[in-house]
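In case you want the letters, here they are:
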Amino acid sequence: MSNAPEEFEQLRKLLKLKRHEQPPPGFFNDFSSRVLDGIERNKAATPAEKLWEGVPWLARFFRVLENNVLAAGGFATAICAVLIGGVVYSEYVDQVPASSLANNDGAMMASMGGSSFSASSSSTGTLLSSTNAVFSSGLPGSPFDNTLGSLSVQPVSFSPSSQ
Amino acid sequence: MSDPTSGKGAEGARTNEPALPAPTTPASEEMDLVRRAREGDMGAYDDLVRRYQERIYATVYHMTSNHEDASDLAQESFIKAYQALKSFKGGSSFYTWIYRIAVNKTINFLKQRKNRTHMSLNDLDFNAEHDPDLVALVSDKTPRRDAGLAELQEKLNAALLKLSDDHRLVVTLHDVQGLSHEEIAKIMDCNIGTVRSRLFYARQQLQAYLSDYLT
Chain F
1 MSNAPEEFEQ LRKLLKLKRH EQPPPGFFND FSSRVLDGIE RNKAATPAEK LWEGVPWLAR
61 FFRVLENNVL AAGGFATAIC AVLIGGVVYS EYVDQVPASS LANNDGAMMA SMGGSSFSAS
121 SSSTGTLLSS TNAVFSSGLP GSPFDNTLGS LSVQPVSFSP SSQ
Chain V
1001 MSDPTSGKGA EGARTNEPAL PAPTTPASEE MDLVRRAREG DMGAYDDLVR RYQERIYATV
1061 YHMTSNHEDA SDLAQESFIK AYQALKSFKG GSSFYTWIYR IAVNKTINFL KQRKNRTHMS
1121 LNDLDFNAEH DPDLVALVSD KTPRRDAGLA ELQEKLNAAL LKLSDDHRLV VTLHDVQGLS
1181 HEEIAKIMDC NIGTVRSRLF YARQQLQAYL SDYLT
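Those protein sequence lines, which keep their order, are chains F and V. The numbers in our numbering rise by one with no breaks, and the one at position 55 of the first sequence is 55. The numbers in our numbering rise by one with no breaks, and the one at position 92 of the second sequence is 1092.
Worth double-checking, as some hints may not be accurate.
The calculated lysine-lysine pairs, modelled on PhoX-like cross-linking and capped at a C-alpha distance of 20 Å, are [stated by the list, open to error]:
(1) F:K16 <-> V:K1080
(2) V:K1111 <-> F:K43
(3) V:K1162 <-> V:K1111
(4) F:K13 <-> V:K1086
(5) V:K1155 <-> F:K16
(6) V:K1086 <-> V:K1111
Computed far set for chain V versus chain F, every beta-carbon distance over 12 Å [what the hints assert, rightly or not]:
(7) E1029
(8) M1042
(9) R1050
(10) S1087
(11) Q1112
(12) N1127
(13) K1162
(14) S1164
(15) F1200
Hints listed in this document are in silico derivations from the structure and should not be mistaken for laboratory results. None of these values were measured; they are calculated from a predicted model. Just so you know, even glycine gets a beta-carbon here, dropped at the ideal spot from N, CA and C.
So that you can see chain F by itself, here it is in the shape it has in the complex (with noise of 0.2 Å):
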């Protein structure tokens, strides 16, 4: 390997067009300002916008959406399905585990002789199921089916008196 001078002769001679390549006329006059109020902006900036600048490609990423209705109108529908995903997955994971545990203790309970539990099995999985407000307890001997069934619905009237 060797950087002789005169191997190169030709090459040399051509990069110095280079040095002739000039920026438009005037464009060093106010770099020195652009960059002193750079500064100041810098640090008029708030912590987010220093985080922000902190962060290039989440910057670009959000100057793509805005500069592209399509990636903006894409992204939103990512957004929304990630939600409504998570919502339908909650909801699944909730009962599926709700169910499986309320057979395995029936059949645990059955396996005990408690015959009564594994035949409401169903009715305990309902129960379990933290997502469901309003239930019946449905299980045997609770003292709320005794209050509830003597319950009974009577019509009501109800007439103003006479003035």
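Guided by the hints, dock chain V onto chain F, whose structure is given.
Same frame as chain F, now just chain V:
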């Protein structure tokens, strides 16, 4: 390449046939400006920017072949240097330190941009037409005699952009800006042998790309 804002860098600046003259400011005067700027004297920092703006801009421009990108990156380099001024311990010249910031920033930018290159070339100055070496290249000896300076400029920039960032940087700093091997080694945080090797391979590749325009 290490972070130049750590304050590590070169002592002094020597150049071979500098395209832009090396700084002649006494080190003490420069350090005084740095000290004042660090204490919040914006006038002092304005002086520092004016001293080095052309060299920094030129380096970034030759690396990107794009005026707008070079303008933004050069400004950002000076802003970053100001913010990191407290970490500048004076173990190197401010000149070398700001160079390293600009070079690192430019290389990061080019890595992000990858192959999405868009040239926005500056015009050639009046002297280009009167440079005997360049006149000879476009008129007498090249196989492509019809090539004008503008076409040559475009081909040269396109060929430079085909080089790797490190190879382009070495050619820019040495053959265009006229920095010495030692100084380039300090800016790029590598040894002189690496600089020589990169320079050789970069020139070899450029010569191959531009063979139609060279005798």
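The hints, checked one at a time:
1. F:K16 <-> V:K1080: Status violated; Cα separation ~31 Å.
2. V:K1111 <-> F:K43: violated, 28 Å
3. V:K1162 <-> V:K1111: Distance ~14 Å between K1162 of chain V and K1111 of chain V Cα, so the pair holds.
4. F:K13 <-> V:K1086: violated, 42 Å
5. V:K1155 <-> F:K16: holds, 14 Å
6. V:K1086 <-> V:K1111: violated, 28 Å
7. E1029: The claim holds: E1029 of chain V sits with its nearest Cβ about 18 Å from chain F, beyond 12 Å.
8. M1042: violated, 6 Å
9. R1050: Per Cβ check, R1050 of chain V is inside 12 Å of chain F; nearest 5 Å; violated.
10. S1087: S1087 of chain V clear of chain F: closest Cβ-Cβ about 16 Å, beyond 12 Å.
11. Q1112: violated, 8 Å
12. N1127: The assertion about N1127 of chain V is violated, with a minimum of 6 Å to chain F.
13. K1162: holds, 14 Å
14. S1164: At roughly 17 Å from the nearest Cβ of chain F, S1164 of chain V sits farther out than 12 Å, so the non-interface label holds.
15. F1200: violated, 5 Å
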